[in-house]
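J.: Listed below are the residues making up each chain.
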Amino acid sequence: MKAVIAMETLQGVLKALSAIDTEGKMQVGPEGWHVKMVDPANVAMIDVTIPASAFDFYQSDTGEIALDFARIQTMLNGKEPVTIQIVDQQVEISTGRHKFSLRLLDPSAVKPTPRIPEIDLPAAVEIDATEWTAALKAALAIMNKSDCVIIEQTDEMFRLSAKSEAESYVSEWPLTSLTGIKNGMGRALFTLDYLTDISRALAGPVKIETGVDYPMRMSCRISKASVSYLIAPRIENDL
Amino acid sequence: MKAVIAMETLQGVLKALSAIDTEGKMQVGPEGWHVKMVDPANVAMIDVTIPASAFDFYQSDTGEIALDFARIQTMLNGKEPVTIQIVDQQVEISTGRHKFSLRLLDPSAVKPTPRIPEIDLPAAVEIDATEWTAALKAALAIMNKSDCVIIEQTDEMFRLSAKSEAESYVSEWPLTSLTGIKNGMGRALFTLDYLTDISRALAGPVKIETGVDYPMRMSCRISKASVSYLIAPRIENDL
Amino acid sequence: MKAVIAMETLQGVLKALSAIDTEGKMQVGPEGWHVKMVDPANVAMIDVTIPASAFDFYQSDTGEIALDFARIQTMLNGKEPVTIQIVDQQVEISTGRHKFSLRLLDPSAVKPTPRIPEIDLPAAVEIDATEWTAALKAALAIMNKSDCVIIEQTDEMFRLSAKSEAESYVSEWPLTSLTGIKNGMGRALFTLDYLTDISRALAGPVKIETGVDYPMRMSCRISKASVSYLIAPRIENDL
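Protein chains in written order, with this note's numbering: chain A, 46 to 284; chain B, 46 to 284; chain C, 46 to 284.
Treat the hints with caution; some may be incorrect.
Under the rule of at most 20 Å between Cα atoms (straight-line distance), these lysine to aspartate or glutamate pairs were calculated in the DMTMM-like manner [as the list claims (entries may be wrong)]:
1. B:Lys227 / B:Asp165
2. A:Lys208 / B:Asp113
3. B:Lys144 / A:Glu217
Just the calculated beta-carbon pair ranges, DEER-fashion [claimed, not checked]:
4. C:Met202 / A:Ile164: 50 to 60 Å
5. C:Glu176 / A:Ser98: 25 to 35 Å
6. C:Gly123 / A:Val132: 51 to 61 Å
7. B:Pro75 / A:Lys182: 49 to 59 Å
8. B:Ala115 / C:Ser222: 52 to 62 Å
9. C:Ser222 / A:Ser98: 32 to 42 Å
10. A:Thr241 / C:Ile164: 52 to 62 Å
11. B:Ser63 / A:Pro157: 48 to 58 Å
12. C:Thr241 / A:Thr67: 44 to 54 Å
13. A:Glu125 / B:Thr224: 48 to 58 Å
FYI, nobody ran anything at the bench for these hints, they're computed from the structure. Here the structure is a predicted model, which is why all the values come from computation and not from measurement. Beta carbons: idealized from backbone N, C-alpha and C, even for Gly.
Input sequences plus hints: build the corresponding full structure.
T.: This is the structure we're talking about:
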């Protein structure tokens, strides 16, 4: 496999993966790269596709490689395109004047690629990543990272809210102010922790799909790559 | 009470209060807001007035409410005006898309509002907050935060100086280079700690009033609010 | 001695010295200042010359003073020229409104000025400080600060490389892309730690002189001062 890709795209994808885990398996093939990972607590999954057309140069047979994505992320710097090659069980990464060589991980020592359930979610909206991140940040001002927020979609509103005994926070988007609407009911609890980790990797318009006590799917494009997260809900007791 | 105020003004006032304590009581009334607080060690007091005219919208009966100012400060973000309402023992704070609700503190559990002595101080100058902060920062390069500096006004100079056994620092402003002069003698010691905490909240021209071994008063405007600190001197032994 | 010097020059020189040690001796004389220091582990030396012409004003007899350079560095701030005077065993430093006085160190308590060997090194290139720093930063992504890198010059290349059991990094500059070439062979190991500390003080084009298992000399100009480091190589075992 030999691939040349814009630094920005590669860094965006590695950042997206880092919200889930540090290492994983990547399917490579003539059609591009494909990474599916689940986080150590089995709460959130990521599904990333980088089509061959997203690369400046791309050539690859079909196969699977195991990589330390976090390690590669620390190596990248600057703005020059990145060339990635697999040579003798080493990944060779070069950008500008810098050339790194890193041993491939042993695939049997890396968590297997998860099967990501294809769930048809009844409700959807598109929200700008910046607004979503601002709402999570505001919720964090009164909640702990381990607390839950409620994500809801009604006939009129998309809403993120958080409540403790003495305090509450709510952010509302009238559906009339949003695009990408799929009318339906959504309501479930999610841990702030996961949402904030994931939000750091989101960019541009983010499609948010929900259902009643169903997982939430968040999808966006990172340059020419497509990234999708599926996050399991928490069960509501007496929150 | 319902009030709409520019984010910048509210944040400036909360920052000013945070130099003294995290929570306190606020007098509200048709004429505006009024907060007086003393720090836990009884060294520095603050007196803040936000007149009704400083608000974009203002309506209030007379009363007293106890607030966790520091908590409110962490919630505020962005640049949109802030709406504050008291509803059923809750403070409702909304700005842009974000809406917080926070329980009022129990007034009996919050330190009583101090009486701030009306002292007529013999000497005064006006110094720009930036220059004052730079002088404190320079003094901190050779002193500890718990050390004292001497603040002096003579017929010719306003002076901040610091001295240890082997080192010294002095910053002098000839009175001819300053405005807002009240001719008189001032000389007292103040802990750097308090001065630096307070300096973070100061903006624009700061009126500094002193006397010989008297407290120092520092006053400035934060947008349309007026803020005044009164700081007790340290007794000079053999510094 | 009385000297007036641009803040930027003085800060640049103090930063250069801080890579080697916090205090040392300075030779002063009608021709300017001269500082030679060796680091506590005797691995790296610095040789700094600030000619009288580098000052805005300069007047000095011949002598030696011992200074806490690190302490002076913390005092300096802003952009105004700095006036330095020796008065009664005190260094008086003033800049803008700020005036510091600091006791001279006891010369007998400060490490003696080292003799810096005059080594004729066979190979040399000039590399921009920014590129050099980027290469060290990249090497640090896969190495520890206490690890070694190989610095090499061949007939065709100047090269910085690092290697661990599973990973490697290399940055190459074809000699044809560089200036200041002295053709010769260079190859030696240096601890990343020293190189990164020193690189923080380098600016503009840096002359890098090497030899086979010889020390490396790095020289550059900091405003009108000239700075030169000599760094001892590590002996290669089985790296």
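J.: State for each hint whether it applies.
T.: Quick rundown of the hints versus the structure:
1. B:Lys227 / B:Asp165: The given pair, whose Cα atoms are some 12 Å apart, holds under the 20 Å limit.
2. A:Lys208 / B:Asp113: This hinted pair holds, its Cα atoms lying about 18 Å apart.
3. B:Lys144 / A:Glu217: Holds, because 9 Å separates the two Cα atoms, which is no more than 20 Å.
4. C:Met202 / A:Ile164: 50 to 60 Å: Holds: the Cβ-Cβ distance is about 55 Å, inside 50 to 60 Å.
5. C:Glu176 / A:Ser98: 25 to 35 Å: At 33 Å between Cβs, range holds.
6. C:Gly123 / A:Val132: 51 to 61 Å: Taking Cβ atoms as reference, C:Gly123 and A:Val132 lie about 53 Å apart, which means the hint holds.
7. B:Pro75 / A:Lys182: 49 to 59 Å: violated, 36 Å
8. B:Ala115 / C:Ser222: 52 to 62 Å: holds, 56 Å
9. C:Ser222 / A:Ser98: 32 to 42 Å: holds, 33 Å
10. A:Thr241 / C:Ile164: 52 to 62 Å: holds, 56 Å
11. B:Ser63 / A:Pro157: 48 to 58 Å: With Cβ atoms ~51 Å apart, the hint holds.
12. C:Thr241 / A:Thr67: 44 to 54 Å: For C:Thr241 and A:Thr67 the Cβ distance comes to about 25 Å; the hint is violated.
13. A:Glu125 / B:Thr224: 48 to 58 Å: holds, 54 Å
Hints 7, 12 from the list above are not met by this structure, while the remaining hints are.
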